[in-house]
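Chains as they are written, first to last, in numbering that gives the first Met the number 0: chain U, 0 to 445; chain C, 0 to 242.
In case anyone wonders, no lab produced these hints; they're calculated from the structure. Among the clues, some could well be false.
What the hints assert, rightly or not - Cut-off 30 angstroms, straight-line C-alpha distance, at most; resulting in silico cross-link-like pairs (DSSO-like, lysine-lysine): (1) U:317 / U:267; (2) U:93 / U:48; (3) U:268 / C:238; (4) U:445 / U:362; (5) U:362 / U:293; (6) C:202 / C:59; (7) U:362 / C:221; (8) C:117 / U:351; (9) U:293 / U:267; (10) C:233 / C:221; (11) U:268 / C:117; (12) U:317 / C:238; (13) C:59 / U:351; (14) C:59 / U:268; (15) C:117 / U:392; (16) C:233 / U:267; (17) U:351 / C:221; (18) C:221 / U:274; (19) U:445 / C:202.
Stated by the list, open to error - Here are a few chain U residues that sit away from chain C, every Cβ distance over 12 angstroms (derived from the structure): (20) 3; (21) 8; (22) 232; (23) 337.
As the list claims (entries may be wrong) - Taking CB as the label site, the calculated pair distances span: (24) C:38 / U:215: 27 to 37 angstroms; (25) C:235 / U:253: 37 to 47 angstroms; (26) C:225 / U:367: 51 to 61 angstroms; (27) U:267 / C:235: 35 to 45 angstroms; (28) U:262 / C:166: 55 to 65 angstroms; (29) C:228 / U:365: 46 to 56 angstroms; (30) C:228 / U:321: 18 to 28 angstroms; (31) C:88 / U:367: 49 to 59 angstroms; (32) U:221 / C:117: 28 to 38 angstroms; (33) U:239 / C:27: 27 to 37 angstroms; (34) C:170 / U:434: 41 to 51 angstroms; (35) U:326 / C:235: 22 to 32 angstroms; (36) U:389 / C:223: 38 to 48 angstroms.
Note that the coordinates shown come from a computational prediction; the quantities given were computed from them, not determined experimentally. From the three backbone atoms N, C-alpha and C, an ideal C-beta is built for every residue, glycine too.
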Amino acid sequence: MKSHKLLWQLMLSICLGSIILFAALHHISYFLASHLTIISSANQSLINKYAQQAATLYHHQQHHELDQLFATIAAQHDAWSGMIPNTSTLVTNKPLPADLFDSINFQRKPQWPIHEFMQDVVLGVKTPSGLFVMELPTAMRPTPNIALIKVLLTIFLPSILLCIFCWGLYLHLMRPLNALKKSSIALSNGDLEARIPLKIANREDSIALVANAFNQMAARIQTLVGYQRQFLHDLSHELRTPLTRLELAVDLAHEKDTNNFALQPRFKKDIEQMKALVEDTLTLAWLETEPEVKCNDSFNLSTLLDLICEDALFEYPKRVITRHYPQQLLIHNTNQRALAQSIENILRNALKYSQAPNAVIIKYSACEREQHILEIIDRGIGIHPHELAHIFKPFYRTDKARSRKAGGAGLGLALTQRQINALRGEVSAQCNVDSGLTVRLMLPIK
Amino acid sequence: MPTSLNHSVQPHHILHQGAHILIVEDDAQVRDDIAHVLHNRGFHITQCDNGKDGLNTALKQHFHLILLDKMLPQMDGFDMLNNLRSHVDTPVILLSASGAEEDRIAGLSIGADDYLPKPFNMTELLLRIDAILKRSRFFQGAQNNQQTLCIQDLSVNFSEKQASLHGEQVNLTPIEFELLHTLMSQKNEILSKAYLYQKVLRKAFSRYDRSLDMHISNLRSKLTIIDSQHPYIKTVHGKGYSL
């Protein structure tokens with residue numbers, strides 16, 4: 000419904016507009032017809048004045064003066080006039096002209112409209128002594144400019160009204176489109192803050208949908224670009240450390256030739272660190288842009304967990320990993336490699352940030368036959384609760400981790416989160432009540 | 000992990016003496032360095048610096064292995080591989096500097112036998128070359144396989160695809176059988192993961208992939224059910240497996 004709002008608006012305004020236009024035209028023509036065809040009020044009162052005079056003269060039997068009045072009217076207005084008293088026949092100075100024979104019986108009151116088609120009009124005014132009749136003088140006849148009025152009413156006025164309507168419609172449609180255009184150009188010119196004003200985005204019609212979509216897109220682009228900048232900044236920063244060490248080692252090798260061989264492990268270590276960094280970054284970037292990981296492996300999760308534990312214990316021989324999971328944990332439609340890497344990352348973190356004799360615990364629970372829930376619990380240094388929200392961000396390292404020189408660029412958990420998400424699972428972390436961290440994996444069984 | 004191998008552990012390069020390798024790589028420094036190391040290990044080396052020459056050379060002469068860079072002038076590595084595959088089956092290791100694991104695996108689908116993400120170290124490369132050459136050598140000599148192999152009470156019958164321990168039959172999947180057979184036929188040798196991936200799983204080894212380990216683990220537990228005392232398959236950490 001929301002998306003059709005513009006259609007309803009258009010339909011309603013065009014229908015209402017048309018009805019109002021036609022009604023207005025009708026009223027205007029009616030008004031003109033009644034007002035422009037009426038004898039002017041000055042002339043009306045002049046006629047009424049003649050009628051009063053004639054009535055008075057007749058009443059006082061001053062026939063001579065009455066004849067003179069008729070003669071004056073004839074002289075001034077070139078019109079015949081007379082008096083039909085209540086009791087006797089027509090009194091006049093001249094006989095009734097032949098062309099008035101028909102209309103003498105259809106007298107019109109002075110206040111009545113005189114239409115264009117009416118010929119030889121005779122006006123009649125009732126007085127106490129009788130009826131004053133008078134031919135309508137040509138000069139007094141109302142002569143409206145019918146042709147002009149017709150042009151005005153049929154062409155000019157509707158055109159003006161329709162133009163005003165179109166202008167309104169144009170503004171209604173073009174204002175948001177112009178705003179959209181402006182914002183698009185600003186965005187493409189690199190102004191990532193460019194948004195369409197809220198006034199337009201809140202219109203709740205089809206255009207508002209476009210505006211909102213644009214604003215969302217712009218916001219997403221802004222976040223992404225910001226993220227990429229931060230990412231690039233962090234990556235170059237992380238590369239700088241091993242590079243500096245390498246450069247120093249090379250300088251050192253120049254100074255004391257004999258020690259060349261002893262420096263080799265240092266070279267190797269720094270190169271390995273940079274390699275791992277680049278590898279993880281590539282995987283991360285790949286997961287960002289193309290989060291499709293082939294999920295068609297089915298296997299026993301316990302076997303994988305056993306293998307990862309064995310490998311981890313090989314690296315941390317003095318540690319204990321307590322395993323609470325059953326022997327058979329079938330998992331389907333997943334990716335063994337991504338899952339293995341993720342679990343390994345979490346387990347290695349747990350071992351890295353905790354110390355013997357504290358065991359790292361792997362605890363399994365099933366959620367309604369739909370999800371495997373795997374918790375990896377350590378009793379290590381843990382993290383501050385406010386850092387929980389950040390540990391899955393790339394290159395984020397807790398202060399404690401930094402000061403420990405624990406190595407690693409802080410990409411492990413970011414990678415883990417993206418991989419687990421690509422497997423339709425979820426990863427979260429929480430602080431233990433006493434100490435250490437619990438990382439929880441939720442994985443769909445099928 | 001192959002990275003922890005030392006240069007001193009040089010797997011079987013003596014077996015590949017005289018193998019002819021083509022290197023197609025546009026970076027002269029990398030190409031020369033690889034050629035130098037391989038030459039010192041007794042390989043014959045031919046070098047090309049672009050895809051077109053590489054393809055012509057590969058079609059004119061017989062090679063045991065081609066090291067192919069993905070980004071090449073004139074003809075890119077993928078195109079060259081596509082062309083090559085419509086004529087010959089020479090094993091190819093793709094050297095790729097692009098994208099993540101999954102992305103690079105795409106290269107395998109068009110016919111590479113293995114891939115090595117750049118940057119790589121020599122040990123890793125030698126290990127992969129060894130795995131591929133050994134595999135192709137084995138395929139050529141496949142008919143020489145003994146029908147029945149026995150190590151103590153463990154025996155496999157190749158033609159019947161059956162294994163038994165203490166006279167008791169062990170139900171193995173085809174992959175588990177082939178793993179056991181491979182380990183038994185090269186007894187006392189440490190077989191690298193890269194080689195076992197090539198030989199048994201017929202795919203490239205990648206760092207976090209644990210499918211081989213899972214097959215070994217399953218194989219082990221099937222053997223342990225019958226004889227819990229005997230650690231038949233040994234894990235050599237960072238190198239591979241042996242029997």
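Verification of the hints:
This hinted pair checks out: residue 317 (chain U) and residue 267 (chain U) have alpha carbons roughly 26 angstroms apart, not beyond 30 angstroms. Annotation: proposed proximity of residue 93 (chain U) to residue 48 (chain U) holds, straight-line Cα distance about 21 angstroms (limit 30 angstroms). For the hint pairing residue 268 (chain U) with residue 238 (chain C), the CA-to-CA distance comes to about 19 angstroms; that is within 30 angstroms, so the pair holds. About 20 angstroms separates the Cα atoms of residue 445 (chain U) and residue 362 (chain U), which keeps this hinted pair within 30 angstroms; it holds.
At roughly 27 angstroms between alpha-carbon atoms, residue 362 (chain U) and residue 293 (chain U) fall within 30 angstroms of each other, so this suggested pair holds. A C-alpha spacing of about 28 angstroms is found between residue 202 (chain C) and residue 59 (chain C), which places the hinted pair at or below 30 angstroms, so the restraint holds. Of the supplied pair hints, the one linking residue 362 (chain U) and residue 221 (chain C) holds, its CA atoms being roughly 26 angstroms apart against a limit of 30 angstroms. A threshold of 30 angstroms between alpha carbons decides the hint, and for residue 117 (chain C) with residue 351 (chain U) the separation of about 28 angstroms falls inside it, so the pair holds.
Distance restraint check for residue 293 (chain U) and residue 267 (chain U): the Cα-Cα separation of roughly 34 angstroms exceeds the 30 angstroms cut-off, and the hinted pair is therefore not satisfied. Between residue 233 (chain C) and residue 221 (chain C) the CA atoms are separated by roughly 15 angstroms; this keeps the pair inside 30 angstroms, and the hint holds. Under the criterion of a C-alpha separation no larger than 30 angstroms, the hint pairing residue 268 (chain U) with residue 117 (chain C) is consistent with the structure, at around 17 angstroms. Under the criterion of a C-alpha separation no larger than 30 angstroms, the hint pairing residue 317 (chain U) with residue 238 (chain C) is consistent with the structure, at around 22 angstroms.
The suggested pairing of residue 59 (chain C) with residue 351 (chain U) is violated, with an alpha-carbon distance near 55 angstroms, which exceeds 30 angstroms. Distance hint between residue 59 (chain C) and residue 268 (chain U) is unfulfilled; the C-alpha atoms sit about 42 angstroms from each other, more than 30 angstroms. At roughly 26 angstroms between alpha-carbon atoms, residue 117 (chain C) and residue 392 (chain U) fall within 30 angstroms of each other, so this suggested pair holds. In summary, the hint linking residue 233 (chain C) to residue 267 (chain U) is supported, as the alpha carbons are separated by about 29 angstroms, within the 30 angstroms threshold.
Distance restraint check for residue 351 (chain U) and residue 221 (chain C): the Cα-Cα separation of roughly 34 angstroms exceeds the 30 angstroms cut-off, and the hinted pair is therefore not satisfied. Proposed proximity of residue 221 (chain C) and residue 274 (chain U) is contradicted: the alpha carbons are some 39 angstroms apart, above 30 angstroms. The straight-line distance between the Cα atoms of residue 445 (chain U) and residue 202 (chain C) is roughly 25 angstroms, inside the 30 angstroms bound, and the hint therefore holds. The claim that residue 3 (chain U) is not at the interface with chain C holds, since no C-beta of that chain comes within 12 angstroms of its own (minimum 44 angstroms).
Even its closest Cβ contact with chain C, about 50 angstroms, leaves residue 8 (chain U) beyond 12 angstroms, as expected for a residue assigned away from the interface. For residue 232 (chain U), the non-interface assignment is confirmed: its Cβ lies about 21 angstroms from the closest Cβ of chain C, beyond the 12 angstroms cut-off. Residue placement check: residue 337 (chain U) does not keep its beta carbon more than 12 angstroms from all beta carbons of chain C (closest about 8 angstroms). Taking the beta carbon of each, residue 38 (chain C) and residue 215 (chain U) are about 59 angstroms apart, not inside 27 to 37 angstroms as hinted.
Checked against the hint of 37 to 47 angstroms, the C-beta distance between residue 235 (chain C) and residue 253 (chain U) comes to roughly 39 angstroms, which is consistent with it. At about 38 angstroms, the CB distance of residue 225 (chain C) to residue 367 (chain U) disagrees with the hint of 51 to 61 angstroms. A hinted range of 35 to 45 angstroms is violated for the C-beta pair residue 267 (chain U) and residue 235 (chain C), which are about 21 angstroms apart. A hinted range of 55 to 65 angstroms for the beta carbons of residue 262 (chain U) and residue 166 (chain C) is consistent with their spacing of about 59 angstroms.
For the pair residue 228 (chain C) and residue 365 (chain U), the supplied restraint of 46 to 56 angstroms is violated, since their beta-carbon distance comes to about 34 angstroms. Taking the beta carbon of each, residue 228 (chain C) and residue 321 (chain U) are about 26 angstroms apart, inside 18 to 28 angstroms as hinted. At about 51 angstroms, the CB distance of residue 88 (chain C) to residue 367 (chain U) agrees with the hint of 49 to 59 angstroms. Look at residue 221 (chain U) against residue 117 (chain C): about 34 angstroms separates their beta carbons, and that is inside 28 to 38 angstroms.
Distance hint for residue 239 (chain U) and residue 27 (chain C): a CB-CB separation of about 28 angstroms, consistent with the stated range 27 to 37 angstroms. Against the hinted window of 41 to 51 angstroms, the Cβ-Cβ separation of residue 170 (chain C) and residue 434 (chain U) comes to about 47 angstroms, which satisfies the hint. Here the CB-CB span from residue 326 (chain U) to residue 235 (chain C) is close to 26 angstroms, well matched to the stated 22 to 32 angstroms. Between residue 389 (chain U) and residue 223 (chain C) the beta carbons are some 45 angstroms apart, a value that agrees with the proposed interval 38 to 48 angstroms.
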